[in-house]
Structure formats: structure tokens, C-alpha cells
Amino acid sequence: MGNKQTIFTDEQLDAYQDCTFFTRKEILRLHGRYHELAPHLVPMDYTNDPDVKVPLALIVNMPELKENPFRNRIVESFSEDGQGNLSFNDFVDMFSVLSEMAPRELKAIYAFKIYDFNVDNYICKEDLEKTLNKLTKEELTPEEVNLVCEKAIEEADLDGDSKLSFADFENMISRAPDFLSTFHIRI
Amino acid sequence: MAASRIMETIPNGDGDDDLFELVAVGRSCRAVRFDVTHEDHEDLEAQHSHEPRHRNSLQRNSWSSSTQRVLSSMPSRSIRWNQTAAVSQYQSRSTKTRRRRPPNTPCTANQEVFREAQNCAVDGTQKEELLNKLQDLSAGECVRLLREMPLSFSEKHEIRSLVFCLKAEEPISANRALCCHQFKACFLKVLCGGWLRFQLWQKVLKNISARFGTGVLSYFIFLRRMLHYNILLFLISGIFLLLPQISNPPPPSKDNDTDLWMVTGTGILTDSVMFYGHYTNHTSGNYNIPLAYIFSIGTGMFVTCVMLVYSISKSFGKSFCTFKTTGNIALKVFCSWDFKVCRKRSVKLQSVNICTQLKEMLSELSCRKQKRNLCSTLGWLSVHLLVWSICLLSIAACMIAVYYIHPKIKPGGHKNNVELLTLPLVVSCISHLLPGFFDMLSRGEYYDSPSVHIYVSIARNLLLKGCIFSVLCYYWLTKIGYSQEGQNKQCWETLVGQELYRLVLMDLIVSLLYIIFAEFLWGLCIGNITFRRRKLEFDIARDVLELIYGQTLVWFGVLFSPLLPAVQIGKLFLLFYFKKTSLMKNFQAPRKHWRATQMSLLFIGLLFFPSFIGALTCVVYTMWRIKPSSHCGPFRNRNMLELGKKWIINLENSNPSMQWLSWAYVHLVDNPLFLFIIAGLFLTIIYIHMQVLDGQKMIIEKLQEQIDHEGEDKKFLIAKIQALNEESAQL
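Protein chains in written order, with my numbering: chain A, 826 to 1012; chain B, 2 to 732.
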């Protein structure tokens, strides 16, 4: 029902609607945005499910991500190869998790992946230092960075191994009701 | 699959083009996997020297290689999202309410979610279990669970197609079940104003959030929400009251064509559908206008009440936190970056703000809080008392001023229409200018934390507006409503309705003037005079309280002027566009962190409790106690509530099929014993919930202790393993 569009089959659109938090119209709009990123690469016809990935460098040029200090990590966390090359499915997935309707638990899982720079399933002190430097654009002195990282780990680490596992991270996030509104990108 | 190569030139920031080779790569697993075998050389770097005592035992460079091998094969190091665990967690959650977790699974459920798996691909047995569990759920719950799985889209798609193949013989019936579910969701969304909430002003709000962040955005979202409530109220009264009255108009009365009728509500507006006096008191056709009046206004208020309570409960759920905020630095690092902001300058400002706040937190930690001696405590206390007394005195002065300006408007007659505008002008000026005065005074005060400052200024502002509204209500309901002056030819309800109309319009005019003078012109001055071209900062709390005050007037006035919600809709539209333009031109992104979720809860709470409940109380008091005027309007000399009661009781005679309604009213609603029982039941339920909450808090504390103990056990065992390995190495 609705307009006749030839980008996706109805079955594909139903699948997108069920597996993400977007409606049909929003999926079509997202496809338009994805196509804009690499018009020569991304076909307009997705009915036969082409295997096309847009590289990291193009995706982080999107206005929503361009100035975000964590843009590389965000895109890498949602890519299948871990290098930041997103297929359309990954692209939709990324904005679905970052949308308003995603629940706190889902966002916490991906936030943890984003802040885990060395991808070892723990946020260790080096990850924290990198996060802090990206947040403050290296305005803090190294001693201050050190102090903040230590204090943060001391506050959040529950099982005493001097790094944050997912359980520690989620426990800490549950104390911040703002997390839902700040970890949100409108597209 | 065949790899296809495409060469693409992409401009990079330096002005040249980079040549990229885009290769379609094979699919690989996106799950996070920790490589367990190789040694981590980074761990052997020198650890920080200021490590707290109890962590020294976990320094990696002191362990032998056999201990490290054991450590790296611990289950917690190799994690993989476990789908079946998530489904069972979801099932146990969905059998009870979504928000409440069963007391024995909060932490273990999270550990279950990340559990060891042999390989990274979804292996056969796990898939089988997951599919079996998903089959038991209904289509709606299945979809909900699918959306919340942290898997890649292709895996979700696979699971979905398998589940729906297994569920029904043909996938078409599964699609139909989904269609029904989608239709229901769509219908509910439309009913709750989903279109309005999600589509109206979408691009504008995105621009605002990109430049100014979530705090300022919350004001505009609040405005949109109030627009929604007013539209609903207008639709209800419009369809059931306006249309029938318009279709059977009474004979027109004489038209005194006064000037400024649009602003003062006099002249041709007096005897129009705008105000109470125009509505007939008899049954035209088959339609009983007086009854429709009561019921449409009553339904409108009831629907608004239900929607407000629903919004409050949703906001409360989002902003509820079980622990006290002690982990401030960690929260600041992880939760303070607003991902919506995407303009370069705003992003830079945000970084600077976070940096400043972190430095402040560090300095607070390093120097202990100096104990205030007696002198400084007395000084601090006296400043606070002084400011509070000035504020209270000025509020009292305003109340007296408003009360004494009133007698100039007598129901008998007035000479000049402009005189009618003095009261609304004075009230609007007070409500716009005095909060600014209070803010200036409070700059001399010292507060422990910025949020206390915000709460105190909100309290003062609220007190001011509440007092003004109560003075106005008192005057209207006691002086005008009860006045027994002899030649009372005019409707007092229409008079009150006209006053409210003037107040609402004047509020709009003064707001627009304020935006033009205090924001555009003053912002221009500040920007040109100050060296750093500083711009103004948006005071979110003050503007939201303005909106709440305006809405209180509308909710009270809907009884006397059923078209007032339409005026409010126009006012909100105008205000939105003016404020947005002013914001983009004159304001900069806020410097302090604004706790959007908690503040939204506070504002919607304020909208419900003092504003809506206050207006509703006044409306109910008017309907119940005050005699309507005798020669105009739908209720000439008949009490409004009595009319409704009599009609329901007479239903069984006039319309035998509705006898149950009449019976229900007489034996349930009008029966004090039944109401007493219902109130007692509600109190009991609230008490039970409170006890359950206390019990869960206790359980959370115990579990936290348990985690600490497990951590201690882990350190102990690791030390033992190390000791054993050292012994066996020596032997």
C-alpha cells in the first residue's frame, strides 16, 4: 500500500520494519541518505539484495557524524568486518540503535562496544584515556587525565580487576537517566 | 562469493582526492571476540604508580606464564551474546511488568547474556533452542524481542524468516498476523497523537538539537506536547458543542460594534460561540445543548488527565534511578556527551564545557570541603533570607496590585475598551519581568550545587505565578460570581470568559514584545558591545513555566469560553516560530549541563499537579457551587452538576436500554461507601508497591555486596594459583 516504490520488495520492507525501530517511510528515507553517500556505488534497486559496502571514510562525512569525536568507533562497532565498511543493513542497524525508541539495554551494549577501543570486551584504562582525550579534545593535562581515569575506574569497577566489564558499565549507566537522551542521533 | 572491485575517488579534507578501492568482502561475524591465546605485550607495560592498594595483586607483570594461561581461558574473557539466555530473560520479564525484574536475576541475567561460546557463528543447537522459545511468543512480542536483540541485521532477518516459517504453514498468514499487530500499533499511535509527536516540525527540531543540544530541545518538545493536548481539547469541544450550536443559532442580539473587539473580546465576539453566553439552554432538535456542554468539557478534561498521567508514568520510568548519584566522574565521562549536537562550534563548546566540569570535579576532590565557620554560615544564611524576603514581598505587592486593579471593571458598564486591557497588561508584565528580577537577585547567593539553584528559581517563579492565578480566581469566583447586584443584565460567565481571553492574548503579545526587545535588540547590543561577542543563554526553566502558566489559564477558561483552546493553539504556533528564530539568531549553546530527562519529568509533573489539578479544582468548584447567571447561557439558574445528575437518574425512565448507567451512577458513583472502599483499595495497592520497592532495594544492596565478595574471592584464588605455580616451578 502507499506509493509504488521499486527500491525494495514489500517483503524486504516488512523485514526491516520488524527488525529495526523504523517505519517503511523512514527506511526509504534512510536508503536515500545511504545512496547520497556514494551515488556510484549504491544501487537504487535493492530488490535482489546487492552486497555493497560503503567505506568508513564516506560514512563519517555524514553531517550527523562528522563532528562527533567517536564517529570512527561508532561506525566500526556496527560494521561486520570491524573495519567500518557498512552495508545498508548495518547502516539501518546503526541508526536504529541510536534512535529514540531503542531501549536502554540495547544502547548500553553498543555504547560499551564503542568505548572499548581495543576491542577486548573490557574498558581498560587506555580505553578510558582515549575516550577522555576525544571528549575534551586533549585540553586536560596528562596528570588530570590520569586522575580522572583512576577515579572513574574506582567508582564504576565492582569486581576489583581495575577495568570495567559490561556488567560494571551497565550498572553505572543505570544511574544516569540522561543516557537515553544523550545517546541518540536523529536522522 | 566473487569479490568485486570498484575504484572510487573521494575528496578528503585537504583538497585532493583520495583513491579508494572498495572491495565487497565476505561476511564475517560481527560479534566481539577476545583472542585468548597470544600474550598481550601491552599488559607488560609499567602500570600506573598510583594504583589503589587492593588492586596491586592483580598486576599482570607479576604473574607467571602458566597463571596467565589459566587466566586467559576464564569464561568471562570470551564473551558472546547468548540469544537463548536473552529470550529467557525477556520471557521472565514479560510475564511480570516490563519495568520490574524478578528479584533473583538482575545480575545473573546480564552474565548469561555474555557467555562463552565455542565459535563465533550461531551454532545449530543454540539456534534450535532460540527458535523454539520464539515460537511460543505471539507475533507482537516476537517482533519486540527481535528489535531488541544486539545482533546484526542479517542474523535477525534469518531468525525472523525461520520463526515465521515454523509458526504458520504459509508465510502469508504470518504476515497477516503482523499486519494486524502493525495496524493496532498504528491506531494507538494516531490516538496518542503519534503523527503530531513524530512528524510535526521534525526537521526544525533536528536543527535545534544539532546546534543547542538536548536541554533546549526539551523546551520545544514540551511546546509540541502542549499543542497536542490543546488540539485534542478543541476537537472534543468543537465536534460536540460548537457544530451543533452553529447549526442552530439563536436569534442574534443587538450588535454594539466597538473598536479593538478582537483584542478585548467585546463587541461582536460577546454574543458568539466564543463565550458561554451564546449557548442555548434548550434542546434544539434532538440534541440537548446544556448536557452536551457539561459532558464535552468533562470528557475533554478527563482525556487530558489520562494523557498527563500516562506521560508522567513514562517519564518517571525513564528517569528512575535506583542508586544515589555517587559515581559522578565516571558518569560524566560516559554519559555527558550529547550525540545529537553536530555543528562544529557547538561541538567545540560542548568539549570545553565537559573539560571545565571535569576540572571542577577534580579540584573538588583534591581540596576537601572547608568547614564553614560560624561567620560565613551566618553570612550565607542572611543573604538567602534577604533574597527570599525580597521575593516574597514583591509577590505580595503584585497580588495586592492585581486585586485592586480589578474593581475598575464593573459588570455594569465600561467607558473605554482600552481600560479593559490594563489588568491583562499588568499581569503579563509581572509574570514576564519579575522572574528576571528574581534571577538577578539570586546571582548574589551561593549554592552548593547548580541543580539546587535551578530548583530554587523554579520554586520562586512557580510561587509568583500560582499566587497571581489564585488572586484572579478568587476575584472572579467570589466577587463576580456571587455578586447580587441589582441590574445584573450581563452574564458573569461571559465576563470571566472575556477576561481570560484577554489574559491569554495579552500574554502572547507581551511574550512577542519581550522576544523582540529583550532578545533581539538586547542580544544585538550585547553582541556588539562585549569584546568576545557573547550571546545570550536560553533560560529553559523560565520559558517552560511561562507555557505552564498559559496552559493553566486555558484549562480554567474552557468552561467559560469553549473556543479558548483554539486561541491557545494559534498562540503556541506563533510562539514556536518566534522563539525558534530568536534562538537561532541571538543565543548560544548552554554552558551548564542540563539534566534533560529529570527536568522533563519535573516539568510534566508541574503541568499535572499545580497547573491541571488547580484548574480542574476551580472548574469543579464553579460547576458545583456557583449559581449560573439567570438569563444567559445553557444553565439559566440551574446548577450544572445537578443537571447532569438528574439526567442520568432519569435515564432509566427515558431510555430503558441505558438503565444500567443510571443504576451504576446511583449505587456506585453517588454512594459514599463505595467511594470510600475504592479509595482504601488504592491506598493499599500503593502501600504494597512501596513495600515491594523497599524489598527490591534491599536485594540490590545484598547483591552488590555479593559482587564485592566475588571480586575478593577471585583475587584470592588468583593469588593461590600463582603461589601454587611458583611452588611447582621451584620443585
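There could be a bad hint or two in this list.
[Unchecked claim] Here are the simulated lysine to aspartate or glutamate pairs, EDC-like style, with alpha carbons at most 20 Å apart:
#1 B:K593 <-> A:E964
#2 B:K333 <-> A:D876
#3 A:K932 <-> B:E149
#4 B:K360 <-> A:D874
#5 B:K207 <-> A:E954
#6 B:K715 <-> A:E968
#7 B:K721 <-> A:D986
#8 A:K988 <-> A:E954
#9 B:K319 <-> A:D952
Keep in mind the hints are simulated off the structure, nothing from the lab. Nothing here was measured: the structure is a model prediction, and the numbers come from that model.
Verification of the hints:
1. B:K593 <-> A:E964: holds, 18 Å
2. B:K333 <-> A:D876: Measuring from Cα to Cα gives roughly 40 Å; hence the hint is violated.
3. A:K932 <-> B:E149: holds, 9 Å
4. B:K360 <-> A:D874: violated, 51 Å
5. B:K207 <-> A:E954: Distance of about 31 Å is beyond 20 Å: violated.
6. B:K715 <-> A:E968: Not OK: K715 (chain B) and E968 (chain A) at ~31 Å, beyond 20 Å, violated.
7. B:K721 <-> A:D986: Measuring from Cα to Cα gives roughly 16 Å; hence the hint holds.
8. A:K988 <-> A:E954: Roughly 12 Å between the alpha carbons, so the hint for K988 (chain A) and E954 (chain A) holds.
9. B:K319 <-> A:D952: violated, 28 Å
Checked against the numbered hints given earlier, this structure breaks hints 2, 4, 5, 6, 9; the rest are met.
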